[in-house]
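Novice: Line by line, the protein sequences are chains A and B. Going by numbering that gives the first Met the number 0, the first sequence wraps up at 341, each residue one higher than the last. Going by numbering that gives the first Met the number 0, the second sequence wraps up at 318, each residue one higher than the last.
Calculated directly from the structure, the hints in this document are not laboratory data. Here the structure is a predicted model, which means the values were calculated and not measured. One thing to keep in mind: the hints can contain errors.
If you want a taste of the chain A side facing chain B, the calculated C-beta under 8 angstroms gives, among others [stated by the list, open to error]:
| hint | residue |
| --- | --- |
| 1 | THR86 |
| 2 | ASP164 |
| 3 | ALA167 |
| 4 | SER185 |
| 5 | ARG191 |
| 6 | ARG194 |
Glycine is no exception: its CB is placed at the ideal position from the N, C-alpha and C atoms.
Residues per chain are reported as follows:
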Amino acid sequence: MSAQAKVVPIAGRRRSKRPEEPAGEAALSRRVKELEAQLSDVQRSKPGESLLVALARALSAGAGGMTWTNLARLQRAFYFAWHSEQTDEFGADARFAEALEPFLEFLYAMWWRVEATGTEHVPASGPGLVVANHSGVLPYDGLMLQLAIRHEHPARRLCRMLALDMFALLPVLAPLLSKSGSLRASPENAERLLRQGELLGVFPEGVKGVGKRFRERYKLARFGRGGFVRVALRTGAPIIPCAIVGAEEIHPVIGKADWLGRPFGLPYFPLTPTFPWLGPLGIVPLPTKWSIDFGEPVDLSEYGPEGAEDPILVNRISESVRASLQRMVDGRLARRRSVWFG
Amino acid sequence: MARIAITGTASFLGSRLLRRLVAARGADAVLAVDITPPPTTLQGVSHRMVDLTLPGADRRLVDVFREEAVDTVVHAAFFTTPRRDSAYAHELESIGTLHLAAGAAAAGVRHLLLRSFTAVYGARGQNPSFLTEERKPDADSRLAWVRDKVEAEAHAFSFSRRYPGLGVSVLRFAALLGPGVHTFYTRLLGRRVVTVPLGYDPLVQLLHPDDALDAIMLALEKGPSGVINVVPRATITLLTALHLSDKLVMPVPHPAAYPLADLWWASGVGEAPGGFLDYARFACVADGAKASAELGFAARHSSREALESYLAYRFPEAA
Numbered sequence: 000m001s002a003q004a005k006v007v008p009i010a011g012r013r014r015s016k017r018p019e020e021p022a023g024e025a026a027l028s029r030r031v032k033e034l035e036a037q038l039s040d041v042q043r044s045k046p047g048e049s050l051l052v053a054l055a056r057a058l059s060a061g062a063g064g065m066t067w068t069n070l071a072r073l074q075r076a077f078y079f080a081w082h083s084e085q086t087d088e089f090g091a092d093a094r095f096a097e098a099l100e101p102f103l104e105f106l107y108a109m110w111w112r113v114e115a116t117g118t119e120h121v122p123a124s125g126p127g128l129v130v131a132n133h134s135g136v137l138p139y140d141g142l143m144l145q146l147a148i149r150h151e152h153p154a155r156r157l158c159r160m161l162a163l164d165m166f167a168l169l170p171v172l173a174p175l176l177s178k179s180g181s182l183r184a185s186p187e188n189a190e191r192l193l194r195q196g197e198l199l200g201v202f203p204e205g206v207k208g209v210g211k212r213f214r215e216r217y218k219l220a221r222f223g224r225g226g227f228v229r230v231a232l233r234t235g236a237p238i239i240p241c242a243i244v245g246a247e248e249i250h251p252v253i254g255k256a257d258w259l260g261r262p263f264g265l266p267y268f269p270l271t272p273t274f275p276w277l278g279p280l281g282i283v284p285l286p287t288k289w290s291i292d293f294g295e296p297v298d299l300s301e302y303g304p305e306g307a308e309d310p311i312l313v314n315r316i317s318e319s320v321r322a323s324l325q326r327m328v329d330g331r332l333a334r335r336r337s338v339w340f341g
Numbered sequence: 000m001a002r003i004a005i006t007g008t009a010s011f012l013g014s015r016l017l018r019r020l021v022a023a024r025g026a027d028a029v030l031a032v033d034i035t036p037p038p039t040t041l042q043g044v045s046h047r048m049v050d051l052t053l054p055g056a057d058r059r060l061v062d063v064f065r066e067e068a069v070d071t072v073v074h075a076a077f078f079t080t081p082r083r084d085s086a087y088a089h090e091l092e093s094i095g096t097l098h099l100a101a102g103a104a105a106a107g108v109r110h111l112l113l114r115s116f117t118a119v120y121g122a123r124g125q126n127p128s129f130l131t132e133e134r135k136p137d138a139d140s141r142l143a144w145v146r147d148k149v150e151a152e153a154h155a156f157s158f159s160r161r162y163p164g165l166g167v168s169v170l171r172f173a174a175l176l177g178p179g180v181h182t183f184y185t186r187l188l189g190r191r192v193v194t195v196p197l198g199y200d201p202l203v204q205l206l207h208p209d210d211a212l213d214a215i216m217l218a219l220e221k222g223p224s225g226v227i228n229v230v231p232r233a234t235i236t237l238l239t240a241l242h243l244s245d246k247l248v249m250p251v252p253h254p255a256a257y258p259l260a261d262l263w264w265a266s267g268v269g270e271a272p273g274g275f276l277d278y279a280r281f282a283c284v285a286d287g288a289k290a291s292a293e294l295g296f297a298a299r300h301s302s303r304e305a306l307e308s309y310l311a312y313r314f315p316e317a318a
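Start from the sequences, fold in the hints, and give me the full structure.
Specialist: As structure tokens, this is what we get:
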């Protein structure tokens, strides 16, 4: 409704201009397009407006105005204040990412003071497969990796993360991840995205990495069955190793009570110094100092797509990527003096 | 003259297809096979009453197809809305398709086109973002509704393997939504409050019925083409769809929602058994690339347009 109301004055202005510019039919239509783009920018920059309007209307109506329709309108305004009406084909939502960004930025810059190096190794365009070590119980490392590329890389690319099955099953977390650009980790998804020239982030350690105990920290777990290598070989995408240091200490897993998690569909149930003893406070991650280092890209194009059918080659590449990632992590750990200050 | 037989002409899609085929090829080119006659406004359409659930239906179908010179059969007798008497649904969908495929193979029918659902892939957290036709349908689903459809498809393909003269197309349609659609999920849209599982917002595909009919017409021209997904242009998230329809959304934690929905269904109040909650938790989005490559099909409506056309039809006063 409001879109129409705002379009009218612009059309009016356009009509009054017409005698001065008789020749430029094309220029005019271009100008209209510009104005429309500006208009939609203005509308997008005020996502909360309709929510405030709806709230004000509900409040001014008082208790008598609390009808089903008004409640539904209020709920709708609340939903669209932080969701766009159309996601992209994989479910990523631009406005949701925008709404989530201040919180993630706070974690990135203030809480964990992330230091990102080597972002120049991430390709500015075309496909790329970022392979990182997984840790931290909850998938914060993926969100921070995404933000590092978004903020520190000149092309400001969206790195889509491939998330574990268990995160795609959990309530609240599942839509949060998919709307911020993650997908379920499956070879079909990875291949489709790389063929479309997208940047992809994977954690080949999977659940063995994210839930490892504190005493096993920074020892990379087995790299799945080399699925990420097969996809990279098939699509010719370069592999960019990425070492994340600091995420292992945010939720130190001192014990596991897996029998507690099973009824909820969780593959593990971590016990940390704070969780579950402190209740909701226990899910606050510890403010360690993080570093995210991107390494030299590994180009696999010499092997060609047929290399994906050779399990020995796939295993060898997978193991060499794991070893170089372990070296990067060890190197960073050797230089680190404090868990909290880097 | 070779004719097209349509089963389930009393169903939503079957009746629309009947009208469209009569308009395109004339009343002589079609034959309605159903237990209820087609509407009297469609003059000149021949109708043969066959109950697919009865033993011996296949022999009767052979006679019908031979007498009426049928060379193509469109099988649209499927339930979109789950039925409480699941035994009848099983007889009609699974056994009925068995009878139909047997009759069609024996009568020398060239092309059997099955109407199916993308929901047969099953909604799971493990699904890839796009389900292609190679993906195996969910034969072990907890929903009898899904299992019957999967069995029906399997019967058709097994007859096609044994009788190579019979070609099979299975069009898996996304959930239909548009003017005239009346199913269990549109009944939910008729309520003021809609309960959803807490903390989930999956992508859904809503297909406009006109696009579904276009796809069937293209598949009839092209001939047997195996399994094909028919999907709209774009997806929409479940909560976006509900909020655009101005529903009050009430989230319920899913461990409680399943037994409650089952209880509701068993007591005769609910619209669907609890297993359907999977589709409100996880995405079941099918890939439409094969339809555009092999049939030249391009959906004209997006999911959102399908939803809006339904809302304009159902709630004209709100527009």
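Novice: With reference to the structure, classify each hint as holding or not holding.
Specialist: Okay, the hints, checked on the actual structure:
Checking THR86 of chain A against chain B: minimum C-beta separation of about 6 angstroms stays under 8 angstroms; hint holds. Residue-level restraint check for ASP164 of chain A holds (minimum Cβ-Cβ distance to chain B is 6 angstroms; threshold 8 angstroms). A distance limit of 8 angstroms between C-beta atoms decides the matter here; for ALA167 of chain A the minimum to chain B is near 4 angstroms, and the interface restraint holds. With its C-beta approaching chain B no nearer than about 5 angstroms, SER185 of chain A sits inside the 8 angstroms limit, and its interface hint holds.
With a cut of 8 angstroms, the hint placing ARG191 of chain A at the interface with chain B holds, because the nearest CB-to-CB distance is about 7 angstroms. Of the supplied interface hints, the one on ARG194 of chain A is violated, with its beta-carbon coming no nearer than about 12 angstroms to a beta-carbon of chain B, more than 8 angstroms.
The structure does not agree with numbered hint 6 stated previously, though it agrees with all others.
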